[in-house]
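Undergrad: For the record, the sequence lines run as chains B and H. Quick note on my numbering: the first sequence kicks off at 1 and runs consecutively. Quick note on my numbering: the second sequence kicks off at 1 and runs consecutively.
Among the hints, a few may not be true.
[Unchecked claim] The list that follows gives simulated cross-link-like pairs (lysine-lysine, DSSO-like), each with its CA atoms no further than 30 Å apart:
| id | chain 1 | residue 1 | chain 2 | residue 2 |
| --- | --- | --- | --- | --- |
| 1 | B | LYS62 | H | LYS156 |
| 2 | B | LYS112 | H | LYS74 |
| 3 | H | LYS35 | B | LYS62 |
| 4 | B | LYS112 | B | LYS62 |
| 5 | B | LYS78 | H | LYS117 |
| 6 | B | LYS62 | H | LYS117 |
Derived from the structure by calculation, the hints contain no laboratory data.
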Amino acid sequence: MKKVLFTILALVLAGSFYFYREYNRAPESGESLKSDLSVSANKLLEDFENDESAANAMYLDKIVEVSGKVSVINSKPKNAIIIETANPMSSIICEFGDDFNPNSVKINDVVKVKGKCTGYLMDVVLIRCALLDK
Amino acid sequence: MKVCKYLLIIAGIVCFAGFSNAQKFYTKTLQVEFKSETAVENIEAINNKGNLVIDVSARRVQAAVLIKAFKFEKALMEEHFNENYLESSVYPKAKFSGVIGDEIDWNSDGEYSSTAKGQLTIHGVTQEVVIPISVNIANSNIAVHSDFGVRCEDYKIKIPSVVGENIAETINVSLHAEALSSL
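Kindly generate the complete structure, drawing on both the sequences and the hints.
TA: Set out below in structure tokens:
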């Protein structure tokens, strides 16, 4: 009898601990994200411009590695790198976390950024980004 | 000769368009925050990558946000929000398109209160809404702010009864944009 009670108690504790951990789990971000695919800035934008539905199916929620040239760097609180494309009106906007160091890149640097693709407004927007070694 | 004439006319039109009063202001860092406050728990999320365009002469305002760019502190909330409530893979954007009142003098510094009346589309459902807007213009720096409520029911956002107590019926939405650029 005691053994059964003890086992149940252990299970309840383990379960509670698991639920507590799961409930408080923070979204994965930056460095810890595993890339799903790799693409150039131009191709990523073109795919969205040509067929947004198809591009959504291909890229939404995926961790995308984009390579391209930096055109703008925004420091706190907007922590972002903007990667230019062949289209002067549209770019790839990469949002970084609070730990972003704007001095780690310079304008016109060719960079590789990985982040979660959230879609296309006038630009393609990636969030939770991390800079990759070129 | 005819080519010259046409070129001159086109040049004239282009110059005129440049001097006309068709001002447009925009930002790609419109901040959209929302809060659901209940006795059980508070849920908040923030999106820093919204688009906002204001056509001053037409008094039209358009805003758009990508649902997947809302960030939560807890992964579970973010996942439920995207997969179950807003179904963001099916409806990746929320949009507003409307007309602003004429209380705002876009060329003069000042604090202005007005409203924007138009269509708000969330989760694929469009509703006619009137949203309060405040505009602050100081030294050519334009800031726009708005606070309004969104009823989940109005946009067919289904909250399962299991978590009915955890999510407010009306979500408080807050829009903020600063340093709008000229288009």
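Undergrad: If a hint holds in the structure, say so; if it doesn't, say that too.
TA: Each hint tested on the structure:
Our distance criterion of 30 Å between C-alpha atoms is met by LYS62(B) and LYS156(H), whose separation comes to about 27 Å. This hinted pair checks out: LYS112(B) and LYS74(H) have alpha carbons roughly 28 Å apart, not beyond 30 Å. As the CA atoms of LYS35(H) and LYS62(B) are separated by approximately 27 Å, the hinted pair is consistent with the 30 Å bound. Of the supplied pair hints, the one linking LYS112(B) and LYS62(B) holds, its CA atoms being roughly 16 Å apart against a limit of 30 Å.
Distance restraint check for LYS78(B) and LYS117(H): the Cα-Cα separation of roughly 29 Å lies within the 30 Å cut-off, and the hinted pair is therefore satisfied. Between the alpha carbons of LYS62(B) and LYS117(H) the distance comes to roughly 36 Å, so the proposed pair goes past 30 Å and is violated.
Of the numbered hints stated above, the single one contradicted by the structure is hint 6.
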